[in-house]
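Given these sequences and hints, build the entire structure.
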Amino acid sequence: MKIVDKFKYYLAKKKLRKLTCNIKRQPVVCNFKDIKSLGIIFNATRISDFNFVKAKIKELQNQIPKVKALGFVEKKQLDDFHIQPLDFSFFCLSDLNFSLQPNEISVEEFVNQEFDVLIDLCTKSCISVKIVVANSKALFKIGHQTDFYPEIYDLMIMTPKPEEEETQTEYSDIKILYDAIIHYLNIIKPFDYEN
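Counting in the numbering used here, the sequence shown runs from 1204 upward without gaps.
No wet-lab data here; the hints were simulated from the structure. Incorrect hints may appear among the rest.
Label-pair ranges, simulated between beta-carbon atoms [claimed, not checked]:
(1) V1231 x A1383: 14 to 24 Å
(2) I1286 x E1262: 16 to 26 Å
(3) S1297 x K1217: 21 to 31 Å
(4) H1386 x L1214: 30 to 40 Å
(5) I1391 x D1290: 31 to 41 Å
(6) K1392 x R1249: 32 to 42 Å
(7) I1390 x P1363: 16 to 26 Å
(8) K1236 x F1210: 45 to 55 Å
(9) K1279 x I1390: 34 to 44 Å
Note that the structure is a prediction, hence the values are computed from the model and not measured. We treat Cβ as the ideally placed atom computed from N, Cα and C, and that holds for glycine.
In structure tokens, the structure reads:
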């Protein structure tokens, strides 16, 4: 890693630390059947992950009135398959400022939406995605089990690592995480803060 990249990463960690220190929010736990608006953030670099999320968004739209997705592309430019469907927005490396924060208008719009639930489908930690999740005004935030700023999530899901044979399916890790999150959203019971 170059010195400049290390400095950028240092600034991003500093920003994320500041965001997590200032978190003063009461999560609002939501069961799947009660979700009226859902945000999904994911790594959209691979076409297989993009196609998986695109198919799931289509399914979810039959059950949830408002579903939006934000994809992070770990390249300087978007690929042809990122030609944006209506319910998708994307940001890439060239959309990050010096401290690795996205400065794309669509990211700001996504962050400012008060989703009932925000799902982070990234299975590997990405500081730019973590900044988006930390900034999000979503009422309930779910992501993959991590030691890297876990306080930005209200619920974290641990998933088994796919076996060597299972990696034939390129998106097996994102599928396993998605299935586990939907499973828990279906059985979770909202808290009654008044009692």
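Now for the hints, and whether the structure bears them out:
A hinted range of 14 to 24 Å for the beta carbons of V1231 and A1383 is consistent with their spacing of about 21 Å. Here the CB-CB span from I1286 to E1262 is close to 21 Å, well matched to the stated 16 to 26 Å. At about 22 Å, the beta-carbon gap between S1297 and K1217 stays in the expected band of 21 to 31 Å. Remark: the range hint 30 to 40 Å for H1386 to L1214 is upheld by a beta-carbon distance near 37 Å.
At roughly 24 Å, the beta-carbon separation of I1391 and D1290 lies outside the given 31 to 41 Å, and the hint is violated. Take K1392 and R1249: their Cβ atoms lie about 35 Å apart, and the range 32 to 42 Å holds. A C-beta distance of roughly 19 Å is found between I1390 and P1363, which places it inside the suggested range of 16 to 26 Å. One distance hint, 45 to 55 Å for the beta-carbon pair K1236 and F1210, holds here, with the actual separation near 47 Å.
At about 42 Å, the beta-carbon gap between K1279 and I1390 stays in the expected band of 34 to 44 Å.
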